[in-house]
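Asks: Protein chains in written order, with the numbering used here: chain A, 1 to 170; chain B, 1 to 170.
Please keep in mind that the hints were generated in silico from the structure rather than gathered at the bench.
Fair warning: there could be bad hints in the mix.
A partial selection of chain B residues facing chain A, derived with a Cβ cut-off under 7 Å [stated by the list, open to error]: (1) L3; (2) A7; (3) K12; (4) V16; (5) E19; (6) A20; (7) E23; (8) K24; (9) L124; (10) D128; (11) F131; (12) F139; (13) F140; (14) A147; (15) L165; (16) V167.
All residues carry an ideal CB built from backbone N, CA and C; glycine is no exception.
2 protein chains.
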Amino acid sequence: MTLVYAAIKEQKQMIVNLEAWLEKGVAHAKARSFDPVVLLNARLAPDQYPLVRQIQSVCDSAKFTAARLADKDPPKHPDTEQTLDEIRARIQTCKAYLDTFKPADFEGAEKRLVPVAFMPGKVLTGLDFLFELQLPNFFFHATTAYAILRHNGVDLGKTDYIGNLSVRDR
Amino acid sequence: MTLVYAAIKEQKQMIVNLEAWLEKGVAHAKARSFDPVVLLNARLAPDQYPLVRQIQSVCDSAKFTAARLADKDPPKHPDTEQTLDEIRARIQTCKAYLDTFKPADFEGAEKRLVPVAFMPGKVLTGLDFLFELQLPNFFFHATTAYAILRHNGVDLGKTDYIGNLSVRDR
């Protein structure tokens, strides 16, 4: 359960990082005198989600990881955010939800059978759900959000991506 | 140790997926009559690594995750690949190295103290090393490689990114 909780904790950290990338994007837009909503609608390919949807997907991915592995019903978030304040609020809602989980909620999570939403009748063990589906998907949307901002000239680097580390002295 | 090994197994799967994205890129280049090396040198921002370096980083990230958590000395790979065949060979070398690890190699890995290469004198527990640094970094480079190909018109979708899942019947 400690190991599964470590994944949830990392998702929370990455969402804190994502907030900082977004605010750097807003500052960049202000400095260049364009509406930050332009960034929310930016994408890397015409048939790929824009930034706002990448952020929604980061939030939903973290929400479903925690809920499914703790065997709880997640709240519904219909992905209607369009403005900066709406997407900021969505991020806060997600962080507050993740904060409701404790390590003990993930007791036995590795072996719990989790339904795969897009493959009716199929399940994954909690362990496979976490490593094969949720973490790749979570970091996919986080990295794509970061890449959209980088591609649009926002001053971001790897330390912004990684954020705080629980380092200690040797 | 099972949980840490699940992360290594996922890194192997993602590298198999990456090979398929690269070959889709090569097919795309052939269909459009351009040299696939153009894709290897493509990047999303002028000060970000091109595709070839993203692939090298995926390989190195997986290599260091396994080696550090198993307390082994990883082989050195100097990132000199420039051609398609060279980067294909690098991927094979990485896969073969990852195949040398067994679940038992990660006994006690969560609590092992791992030095942080870019922060002299600082360490992370194996658990934090895995979730806070290595997995975010690994998926960062994998997703960026994918995004460079997508941005250049290669026909990739989320199922290419995720690859095979260990699903079973409910």
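Asks: Run the structure past the numbered hints and jot down the numbers of the failing ones, going up.
Replies: The structure breaks hints 3, 4, 5, 6, 7 and 8; every other hint is satisfied.
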